[in-house]
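Now for the letters of each chain:
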Amino acid sequence: MKHVLLTIGKLFSYICPPIILEKWQRMKSYIFMGYKSRYFQAIGSHCTLGAHTTYIGEQYITIGNNTHMGDFGRLTAYSYYPYTKQIFSPEIIIGDNCSIGSQSHITAINKIVIGNNVLTGPRVLITDNSHGASIDTILDTPPSKRELVSNGPVTIEDNVWIGEGAMIMPNVTIGKGSIIAANSVVTKDIPAYCVAAGSPAKIIKTLR
Amino acid sequence: MKHVLLTIGKLFSYICPPIILEKWQRMKSYIFMGYKSRYFQAIGSHCTLGAHTTYIGEQYITIGNNTHMGDFGRLTAYSYYPYTKQIFSPEIIIGDNCSIGSQSHITAINKIVIGNNVLTGPRVLITDNSHGASIDTILDTPPSKRELVSNGPVTIEDNVWIGEGAMIMPNVTIGKGSIIAANSVVTKDIPAYCVAAGSPAKIIKTLR
Amino acid sequence: MKHVLLTIGKLFSYICPPIILEKWQRMKSYIFMGYKSRYFQAIGSHCTLGAHTTYIGEQYITIGNNTHMGDFGRLTAYSYYPYTKQIFSPEIIIGDNCSIGSQSHITAINKIVIGNNVLTGPRVLITDNSHGASIDTILDTPPSKRELVSNGPVTIEDNVWIGEGAMIMPNVTIGKGSIIAANSVVTKDIPAYCVAAGSPAKIIKTLR
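Same order as they appear, the protein sequences are chains A, B and C.
Quick note on numbering: our numbering labels position 171 of the first sequence as 171, and the sequence is numbered without any gaps.
Quick note on numbering: our numbering labels position 55 of the second sequence as 55, and the sequence is numbered without any gaps.
Quick note on numbering: our numbering labels position 45 of the third sequence as 45, and the sequence is numbered without any gaps.
Please keep in mind that the hints were generated in silico from the structure rather than gathered at the bench.
Check before you lean on any hint, since a few could be wrong.
Unchecked claim - No farther apart than 30 Å at their CA atoms in a straight line, the calculated lysine-lysine pairs in the DSS-like style are these:
1) Lys36/B - Lys111/B
2) Lys176/B - Lys111/B
3) Lys202/B - Lys145/A
4) Lys85/C - Lys85/B
5) Lys28/C - Lys85/B
To be verified - Cβ pair distances, simulated, as ranges:
6) Lys28/C - Tyr80/B: 22 to 32 Å
7) Tyr39/C - Asn171/A: 44 to 54 Å
8) Tyr39/B - Thr206/C: 36 to 46 Å
9) Thr206/C - Thr141/B: 14 to 24 Å
10) Leu11/A - Trp24/C: 14 to 24 Å
11) Phe12/C - Leu21/A: 48 to 58 Å
12) Pro153/B - His46/C: 16 to 26 Å
13) Lys10/B - Asp189/C: 26 to 36 Å
14) Asn171/A - Ser89/B: 18 to 28 Å
15) Tyr80/B - Asp189/C: 30 to 40 Å
16) Ser79/B - Met1/C: 34 to 44 Å
17) Asn171/A - Tyr80/B: 41 to 51 Å
18) Lys202/A - Pro153/C: 23 to 33 Å
What the hints assert, rightly or not - Some, not all, of what chain A presents toward chain B, calculated at C-beta under 8 Å:
19) Cys16
20) Ser79
21) Tyr80
22) His131
23) Leu139
24) Asp140
Backbone N, C-alpha and C define an ideal beta-carbon position, used for all residues, glycine too.
Isolated chain A, as found in the complex (with noise of 0.2 Å):
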């Protein structure tokens, strides 16, 4: 039986190669961006959106020309928030030339600006909120009906590049050029032109 699956998956790969089905996922990842590209509050050309990536609050969203965001991800701008009833004015702004890795997280409910040419590795986290601030009095209440907090908005400038995994916190500024090593949680400010690693994040390099 196994014999026979096997052989009828190697009769395929001659029926339909892998650059058949490369050229009908590419066409896919087009229709699929034609389906999006209206809801967002504006979209480049020549991005591509990836499949299987949960879309929140387009409408707040702004993304450049020629930028990619990988797939199995998260991109969500939160406008309201049910449980506690906050109304919010998300802004994301991500702008051109930019790559997001796939499997990753970008999240606002105040505002994060992404500049030019920023690469993501996979698995990347960028938020500008919390479930709830790091005090006592809301404790015992269920993290998911705390009041969703900002400590302020994050800014990501031209040329960073962000390793596999690392995370960005709320209130966080990466300079120009900066590179953020895999799996590092950046929680205070970043100069331009550095190598930053650990968790939290220590600038380990100042290459400028």
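Got chain A; can you put chains B and C on it based on the hints?
Just chains B and C now, with coordinates in the frame of chain A:
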């Protein structure tokens, strides 16, 4: 060609707007719940079970009311490990009003108890077991053929909030209302009403 | 409405119980192996290749017998980087009886050798390359247009166990039987028969 595909996608967005797809998703999730629910030891009402999540040993898993398990994760209770022929009596108990983020991984051979109102971000690990003890005599055995060991059960009390990518290791209790920062690795007990962060996680704030 | 859908799901669980779906999944995975296998440099018997995983440069990848690559991952060997027109001779060699967890990412432009019986958790990164060196002169170039660099090959010896979410960086050798704790970032060689943990990973136990 590309423009034709973009236009097809756009047309499709008028014929079948996202609100209809979302309804269809919700309908599918109810069908999936109906399909899955009778295999669990017990599962409350108003739960949702993520799609593309691997469920193993549902008969050892109890889930309360109004709890959500994320997509693309793993929820596994192993009663038998074929490589070593070990037999376990695993138990996973998840309370009411919990939400487990997408791509999360909960795995037991012993006991994992998650209280009520627990919220986790995406890509969280909660485990009560390891692939073999850290002892010399087994290190030339392939890890997948080492005896699974549990150093103790895991207990996560009510109203705990676990940040994105955090990992809760075996033999850990996290007390009521505590907050585990994103990307932490919790290897020791965390008392109630604390904030813990880092790898290994340390208490960075005591809130009560 | 909801109750009707739950009932439809329940009925479906009697008509087509999970055991049939699992058989169908296994059948599909054999078909997929048959489809994919002729593109690899070599691939042993009894292997399984995860679905929804991105495979690039299979002709530079050798996989032994009885090895499993997880779902939703990336296994990529780049012979050409279009942005910089760089040409590489990548090699990925994975031995017998390995299991690479789901959502893992193995990426080479140089050489990655994984021995026999290596087990990894989900969401592991193994990379021999970076998007550009950490030097001043390139920091105003978009990271995706910087020359890819490899600081050296990666070697993971037999019987190594790599915990969930760990990252193995370029120019690292992990010796036989060693254990890499969950969420570690390994930036330097780890000798045989050790336990390493942290970011960057340090030896926390020498077992032989």
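Structure-based check of each hint:
The straight-line distance between the Cα atoms of Lys36/B and Lys111/B is roughly 22 Å, inside the 30 Å bound, and the hint therefore holds. Proposed proximity of Lys176/B and Lys111/B is supported: the alpha carbons are some 18 Å apart, at most 30 Å. Taken as a hint, the Lys202/B and Lys145/A pair is honoured in the structure, with Cα atoms around 26 Å apart against an allowance of 30 Å. A C-alpha spacing of about 52 Å is found between Lys85/C and Lys85/B, which places the hinted pair above 30 Å, so the restraint is violated.
For the given pair, Lys28/C sits about 28 Å from Lys85/B by alpha-carbon distance, which is consistent with the 30 Å threshold. Separated by about 25 Å at the C-beta atoms, Lys28/C and Tyr80/B satisfy the suggested range of 22 to 32 Å. In this structure the supplied range 44 to 54 Å holds for Tyr39/C paired with Asn171/A, their Cβ-Cβ distance being about 47 Å. Against the hinted window of 36 to 46 Å, the Cβ-Cβ separation of Tyr39/B and Thr206/C comes to about 45 Å, which satisfies the hint.
Distance hint for Thr206/C and Thr141/B: a CB-CB separation of about 18 Å, consistent with the stated range 14 to 24 Å. Take Leu11/A and Trp24/C: their Cβ atoms lie about 19 Å apart, and the range 14 to 24 Å holds. For the pair Phe12/C and Leu21/A, the beta carbons lie near 30 Å from each other, so the given range of 48 to 58 Å is not met. Look at Pro153/B against His46/C: about 35 Å separates their beta carbons, and that is not inside 16 to 26 Å.
With their beta carbons about 54 Å apart, Lys10/B and Asp189/C fall outside the hinted range of 26 to 36 Å. At roughly 47 Å, the beta-carbon separation of Asn171/A and Ser89/B lies outside the given 18 to 28 Å, and the hint is violated. The given range of 30 to 40 Å is respected by Tyr80/B and Asp189/C, whose C-beta atoms sit roughly 38 Å from each other. Distance hint check for Ser79/B and Met1/C: the Cβ-Cβ separation is about 36 Å, which falls inside the suggested range of 34 to 44 Å.
Between Asn171/A and Tyr80/B, the C-beta spacing of about 49 Å keeps the proposed range 41 to 51 Å intact. Taking 23 to 33 Å as the suggested C-beta distance range, the pair Lys202/A and Pro153/C conforms, at roughly 28 Å. This hint is violated: Cys16/A has a C-beta 19 Å from the nearest C-beta of chain B, more than the 8 Å allowed. Because the beta carbon of Ser79/A sits about 16 Å from the nearest beta carbon in chain B, more than 8 Å, this interface hint is broken.
Using the Cβ-Cβ criterion of 8 Å, the hint placing Tyr80/A at the interface with chain B is not satisfied: the shortest such distance is roughly 16 Å. Against a cut-off of 8 Å between C-beta atoms, the interface hint on His131/A holds, since the closest Cβ of chain B lies about 6 Å away. With 8 Å as the threshold, the beta carbon of Leu139/A comes within range of chain B, its nearest partner Cβ sitting at about 3 Å, so the hint holds. The criterion of a C-beta within 8 Å of any C-beta in chain B is met by Asp140/A, whose closest approach is roughly 6 Å, and the hint holds.
When the structure is compared with the earlier hints, violations turn up for hints 4, 11, 12, 13, 14, 19, 20 and 21 and for no others.
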